[in-house]
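The hints should help you fit chain B onto chain A, whose structure is shown.
Read top to bottom, the protein sequences are chains A and B. Just so we're on the same page, the working numbering is the position in the first sequence counted from 1, plus 1002. Just so we're on the same page, the working numbering is the position in the second sequence counted from 1, plus 359.
One or more of the hints may lead you astray.
Coverage of chain B stretches by chain A, computed from C-beta distances (three or more under 8 Å per stretch; other residues unrestricted) [stated by the list, open to error]: (1) 782 to 796; (2) 800 to 812.
Straight line, CA to CA, 30 Å or less: simulated DSS-like cross-link-like pairs of lysine-lysine [said to hold, decoys possible]: (3) K1076/A - K775/B; (4) K1019/A - K1230/A; (5) K623/B - K529/B; (6) K1019/A - K1059/A; (7) K1154/A - K775/B; (8) K775/B - K1059/A; (9) K1022/A - K775/B; (10) K1019/A - K775/B; (11) K1064/A - K1081/A; (12) K748/B - K1059/A; (13) K748/B - K1022/A; (14) K748/B - K1021/A; (15) K808/B - K1116/A; (16) K524/B - K407/B; (17) K808/B - K1154/A; (18) K748/B - K1019/A; (19) K775/B - K1081/A; (20) K748/B - K1081/A; (21) K1128/A - K1006/A; (22) K748/B - K1076/A; (23) K1021/A - K775/B; (24) K1128/A - K808/B; (25) K687/B - K1059/A; (26) K1129/A - K808/B.
So the derived list for chain B, only partly shown, Cβ under 10 Å to chain A, looks like this [claimed, not checked]: (27) G777; (28) E778; (29) E779.
Hints listed in this document are in silico derivations from the structure and should not be mistaken for laboratory results. Think of the CB as a built atom: it goes at the ideal place given N, C-alpha and C, for glycine as much as any other residue.
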Amino acid sequence: MTPKHTLEIKSLYAGTKDKKIIKNLSLKINSGEIHVIMGRNGSGKSTLLNVLMGHPKYEIEKGQILLNRKNITKLSPDKKAEDGLFMSFQHPIEIPGVSLTNFLRTAKNSITKKHISPIEFLEQIKKYAKLLKMTDSQIERSINQGFSGGEKKKSEILQMAILEPKFALLDEIDSGLDIDALKSVANAIKEIFKKTKMGLLLITHYQRILNYITPDFVHIIHDGKIIKSGGKTLARELEKNGYEKYISKK
Amino acid sequence: MAIPKRTKRLIDTTFGDYKFGFKSKVDNYFVSHKHLDNTLVKEISEQKKEPLWMTEFRIKSLEIFNKKPLPTWGGDLSRINFNTLHYYIKPQDSTKTAWNKVDPNIQEAFDTLGIREAEKEFLAGLGAQFDSEVVYKSVQDALKDKGVIFDSTDNALREHPEFFKEYFGKIVPANDNKFAALNSAVWSGGTFIYVPKGVHIDLPLQAYFRMNTENMGQFERTLIIADEGSSVHYIEGCTAPISSSNSLHAAVVEIIVKKNAKVKYTTLQDWAHNIYNLVTKRAFVYENGEMIWVDCNMGSRLTMKYPAIYLLGQGAKGEVHSLAIASKNQHQDAGSKIVHGAPNTSSLVSAKSISKDGGRSSYRGLVKVNKGAKNIKSKISCDALILDKNSRSDTYPLMKIDEEEVSIAHEATVSKIGEEELFYLMSRGISEQESSSMIVNGFAEPIIKHLPMEYAIELNRLLELEMTGSVG
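Chain A extracted, bound-state conformation:
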């Protein structure tokens, strides 16, 4: 069966003005697939996601990003979001004075080019908030303001649920979460994944979240490129033995 949507990264070279970080990285993700990227600190994991989403700090030197074969390499982040890309931030930003609900409704309207009524929208957002065990007062607050680390991560997944992207890039969504929060975040991701059949690309340091979300592929990234790909067992093995074996082999 041909996948509904595809996200292809073709021989990507990217970095900051002074430093090359991503070096000839290729990866193809189909909708309905869960990919996990693991790797040591500084191996280029977060940079990869930020480059894919179009962070202005990074420059793409060579290579292409294709979403359903459309070249989105040079699009601005808002246009990429319109095309169906989403990224959850490792450190979500606080924006004072802008309510999470209003902001998300603006985002949703902007992506769908439709106008959803505030009341209808509030119902939607409350449904997902419940799934994530977020309170009404949290969704009424300013974006991420006064949120704990865990609440910020929940807010990211809430945003993903509402915006229904074709592909979601989740940057260490499990870091800073206690056991209960991890469980509700992971279950929410699973539920949204099931419902939307989106493609998922997860970055994580730990096998723990993969007990809830079963990956189809696990990739090891080192020095800006994928050095090893495997199935879900690779993550477990990494947790046990570390990266040394794969890195020294290179």
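Same frame as chain A, but now just chain B:
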């Protein structure tokens, strides 16, 4: 300032960024010459058929003005030429109480500005000043029956001289500063409000100040007296046409808040970029009274304005919430002045400024605690948002504390719209323009929430308009 959609479109397409920049054609009833001297001052007084003591007050004030040097602090005042200004322009013979008696072109101006619609929808009374005179005023009959006086200051002086003998020039004396002296010499128009004991005015009273003529000075004088246990919310809006030459707006506002009374004074000004806006505003607050200034400053070339609150009775409270937006070639030197003159008084100042396209904003604030004013509380916070490298923000806080048992807190923050914030919002599908607009509105929100809803919506829209093309 609520603009009907129809006129909004017209204004947007005609005037672009500054939507109040249109000019009306008016056959003025009287235009003074431009030379600032005793003859001019007497001429104004004569036009107004004032009592002799006021004529003398004016002449004395002119002397003070001539003696006082220009302030050397604050903004650059060197380009004001006091001998090229029209000091008094009377657009029609008298103040009207029905719009259909007002010059049709002036009617149209206030219509375009959305003032007449606002009057119908959510005001208890309206005064409309065009150049030097109040051309229209009205107030709900129910309020008149309760003894509320809402009138132009000129009419009130003729009809209620007793208030003027007691309070006029007592809160802001002519020798307070050079521009208060100038206003005292050539003042015209402005609002007089008296709220009798125990009367609460639920809907706001509004005055709108429109400068139409180029090269003019608008010198309105406002006096508000809230008698014991009363309350009132007064709103002023100000705009002017765009022109290449400079104009001057130098108002004086005096407020008396008696025991247990409450006055909220909201300013929404969006002056054209050729206006020098130099205003002295001060309130005396007595026992358990409360004064709130909400001050939104947009536009003008230079604004120097520091709404003041003198807390003179036990338990009196004062708040200043201000928002200043400084854009290209603009300097907003705004702030507050709080004097704790009695025990158990409290004050709260929240000042926010946004600087963009090379604009400069300064917060200049004074907190003074007199000896014997024990157990006072004061909290001041200033936040500046700077949108680009060419823009600037400064803070000049000053404290004079002559009492030991006090609690005073001062915080200042400066932030920039960072690439991270923009990237975050944009990654959710929101355009760069709208994202930065959201950040700015979010920053201003704690001030905007003090405005009545209709004005909050309008101010948010003005902010968006200000933000157009400012990022990138």
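The hints, checked one at a time:
no., hint, verdict
1, 782 to 796, "holds (count 12)"
2, 800 to 812, "holds (count 6)"
3, K1076/A - K775/B, "26 Å, holds"
4, K1019/A - K1230/A, "28 Å, holds"
5, K623/B - K529/B, "20 Å, holds"
6, K1019/A - K1059/A, "8 Å, holds"
7, K1154/A - K775/B, "22 Å, holds"
8, K775/B - K1059/A, "16 Å, holds"
9, K1022/A - K775/B, "28 Å, holds"
10, K1019/A - K775/B, "22 Å, holds"
11, K1064/A - K1081/A, "20 Å, holds"
12, K748/B - K1059/A, "18 Å, holds"
13, K748/B - K1022/A, "28 Å, holds"
14, K748/B - K1021/A, "25 Å, holds"
15, K808/B - K1116/A, "28 Å, holds"
16, K524/B - K407/B, "17 Å, holds"
17, K808/B - K1154/A, "26 Å, holds"
18, K748/B - K1019/A, "21 Å, holds"
19, K775/B - K1081/A, "24 Å, holds"
20, K748/B - K1081/A, "27 Å, holds"
21, K1128/A - K1006/A, "29 Å, holds"
22, K748/B - K1076/A, "26 Å, holds"
23, K1021/A - K775/B, "26 Å, holds"
24, K1128/A - K808/B, "25 Å, holds"
25, K687/B - K1059/A, "28 Å, holds"
26, K1129/A - K808/B, "29 Å, holds"
27, G777, "9 Å, holds"
28, E778, "5 Å, holds"
29, E779, "6 Å, holds"
In the structure shown, no violation is registered for any of the earlier numbered hints.
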